[in-house]
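For the protein sequence lines, the chains are A and B, in the order given. Residue numbering for the first sequence follows this note's numbering, beginning at 1 and increasing consecutively. Residue numbering for the second sequence follows this note's numbering, beginning at 1001 and increasing consecutively.
These are calculated hints, taken from the structure and not from any lab test. Just so you know, these numbers come straight off a predicted model, no measurement behind them. Treat the hints loosely; a few may be bogus.
[Claimed, not checked] With a straight-line Cα cutoff of 30 Å, these simulated DSBU-like cross-link-like pairs (lysine-lysine) come out: (1) Lys65(A) with Lys1044(B); (2) Lys1065(B) with Lys44(A); (3) Lys1070(B) with Lys70(A); (4) Lys206(A) with Lys70(A); (5) Lys70(A) with Lys1065(B); (6) Lys44(A) with Lys65(A); (7) Lys1070(B) with Lys65(A); (8) Lys1065(B) with Lys1206(B); (9) Lys70(A) with Lys44(A); (10) Lys1044(B) with Lys1070(B); (11) Lys1206(B) with Lys1070(B); (12) Lys1065(B) with Lys1044(B); (13) Lys65(A) with Lys1065(B); (14) Lys65(A) with Lys206(A); (15) Lys1044(B) with Lys44(A).
There are 2 protein chains.
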Amino acid sequence: MCQLMGMSANVPTDARFSFTGLVERAGRTDVHKDGWGITFYQGKGVQDFRDLQAGSQCDVAQFLKQQCIKSDIVVSHIRQANVGALTLENTHPFRREMWGENWTFAHNGQLNDIDTVLPLGRFLPVGATDSEHIFCWLLDQIYHQFPTRPADTNALYTLIYQLRERLHAYDVCNFLLSDGHVLIAHCSNNLHWITRRAPFGPALLKDIQVTVDFSDETTPNDVVTVIATQPLTTNETWQQMQPGEMVVFAAGERIAEFN
Amino acid sequence: MCQLMGMSANVPTDARFSFTGLVERAGRTDVHKDGWGITFYQGKGVQDFRDLQAGSQCDVAQFLKQQCIKSDIVVSHIRQANVGALTLENTHPFRREMWGENWTFAHNGQLNDIDTVLPLGRFLPVGATDSEHIFCWLLDQIYHQFPTRPADTNALYTLIYQLRERLHAYDVCNFLLSDGHVLIAHCSNNLHWITRRAPFGPALLKDIQVTVDFSDETTPNDVVTVIATQPLTTNETWQQMQPGEMVVFAAGERIAEFN
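Produce the entire structure from the sequences given, and follow the hints as far as they go.
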């Protein structure tokens, strides 16, 4: 399988602390060593970093742990390959443009033979993963319903919730999806989140001896939600999502919830 | 304006030497300081790095100058903003998926009010540059003619040459375009290339005191073409492209030429 990490914040926020914990699981404290990727939104644009080496031992990942890249939405993934070879085109997150916006998707799970069940149209996979196939199918279905962005965003989230029902019923499908406005988290069997807000305090990573005191890094108005397959810290209480639950985060807050 | 750099090689090749020369022009020896980007193809997949800082003073660019990333097609760009603000979505290269393949585009030139002249359809710009608009229009036109990749690739290159005539007639449009198979270079008024093959020798960058002896870095069978707005080295003879000329490079060799 794989592991996911996402962030939604109301101010551009440095995600190094969470990324540092995540990539330890990419070959050191866990087995997800088959490439990794991270997408940082800054407004409509994105910076994207990925590599085929194990995140815990990769120069690009080491470099990112030293870089203060501030972003309001982050989507990251460490891979344990099952479907699809160890190639760049099979690393997550995947990205497509729809409605003139950057859509990003990262997936943890496995849906066998999904290419025979979910037909594609406008968006096609570049690689060979079930994950990219799912992403292309989701976007196709959304585009079919809404050729342009709907004014009623709740209708959009409701459609995505209906669509992911088919995936959830089929097999394991935890995912993070973003259009640059919101970060959508769907739990099939394994996803957690935490929202940090004032008063901020210290946090201790689970996978490596690193502590940060968020009161030194934030202002009292900051709201930052981090989502991860498994909690990244040991001294905080993370919320475990329920199977079939989907949460929409915007500016660090839960703005919609489906279950 | 902006400057372009591309590479096509018959074996995965390290493009650091050319990139090192290019980014000097991003704020030190020239004015192209409004962000930069580089896309490395490895098979169907890509690694993409970009930043809003001047390439000559940017941590990510400095890091890349130390990294040996081997690639068979590279597309890079340093920007001097004229149309579109200094934002990530306005940095080149741009990328879209078509036919399940990663298409990449970087542009040097200016085509004013192009959005009123070239209508769009399937592909939409995320940012506000004339360059991304041109790219989306090109892909739309190609897709309209060939909903799937044509077996006759010469028909594809011929169509691209016909399409770019409209851009060339309109105003300045030097560009690099790749589908991961070939690298297409179009010269409106300013583009040069050089093909290096055995016997390899030393090369000296124009913009910074850096020399490489390619005989230490290559095997006798290597063929590597580098394309740049202005020659990157001082001790080699670069070919100047003619206005309206388009060359298709594959595995380092010129495989088609239009003029």
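Check your understanding: Of the hints given before, which are not true for this structure?
Key -> none
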